[in-house]
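Colleague: Here the structure of chain A is known, so what remains is to put chain B in place on it, guided by the hints.
Chains as they are written, first to last, in this note's numbering: chain A, 339 to 448; chain B, -13 to 101.
Rather than coming from a laboratory, the hints here were simulated on the basis of the structure.
Note that the structure is a prediction, hence the values are computed from the model and not measured.
Cβ atoms here follow ideal geometry from the backbone N, Cα and C, with glycine treated the same way.
Careful, some of the hints might be misleading.
[Said to hold, decoys possible] Lysine-lysine pairs mimicking DSSO-like chemistry, simulated, CA-CA at most 27 Å apart:
no.	chain 1	residue 1	chain 2	residue 2
1	B	LYS30	A	LYS406
2	B	LYS13	B	LYS37
3	B	LYS30	A	LYS390
4	A	LYS394	A	LYS415
5	A	LYS394	A	LYS406
6	B	LYS30	B	LYS48
[What the hints assert, rightly or not] From the derived model, a few chain B residues whose C-beta atoms are all more than 12 Å from chain A:
no.	residue
7	PRO(-6)
8	GLU4
9	GLY14
10	LYS37
11	PRO47
12	SER52
13	PRO56
14	GLU58
15	PRO60
16	ARG64
17	GLN66
18	GLN67
19	VAL69
20	GLY71
21	VAL100
22	THR101
Now for the letters of each chain:
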Amino acid sequence: GDSVTQMEGPVTLSEEAFLTINCTYTATGYPSLFWYVQYPGEGLQLLLKATKADDKGSNKGFEATYRKETTSFHLEKGSVQVSDSAVYFCALSDQGDMRFGAGTRLTVKP
Amino acid sequence: NAGVMQNPRHLVRRRGQEARLRCSPMKGHSHVYWYRQLPEEGLKFMVYLQKENIIDESGMPKERFSAEFPKEGPSILRIQQVVRGDSAAYFCASSPQGGQGHEQYFGPGTRLTVT
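For reference, chain A alone in the conformation it holds in the complex (with noise of 0.2 Å):
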């Protein structure tokens, strides 16, 4: 079945540094593909999405392109903040319900 592979945390880095954070999928369809955060306590928040091959998500300086032929969505920003410390999730949706990975913890010191 459908599934979603992402980097194993916690990722620590300092303010400024540049941030990636890998995830690859496995579907039998074309699925549209989600990165979501969740802050300590809170549900989670739709950070971008792209719905297509070679689609580019962009929200709040961050970034993650649809990679059909590495079978990829990367998340990637070049300078974090001490207030993006949170957990990240890749997911897709491929038949309406949607599967996520398990989720990486970034904390960024100051």
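Modeller: Below, chain B alone, put in the same frame as chain A:
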């Protein structure tokens, strides 16, 4: 324009009791999804419902768990005879349409603790 609402936010139950978790989707959304998150883990899909219909319950445990989304009122996730392993955060999400490509909007979750 209220988002997805879940209540209660925290629920404590003794082993053997019943837990009822409520979810009110965003206005205009008729598709509801329930997920379970164990500590330090990702979200596991449980069930997908439309008004009065269960569309996909492939992630629901076969026993003790049930879900409904009646014509009027919130969606309910019901856990009978709770056990300690049921302790988790339960998230509800809603979307205006089903099918792939539509993002889901999440509620703040209900944290269930079974003592």
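Colleague: Quick one: which hint numbers does this structure break? Sort them smallest to largest.
Modeller: none
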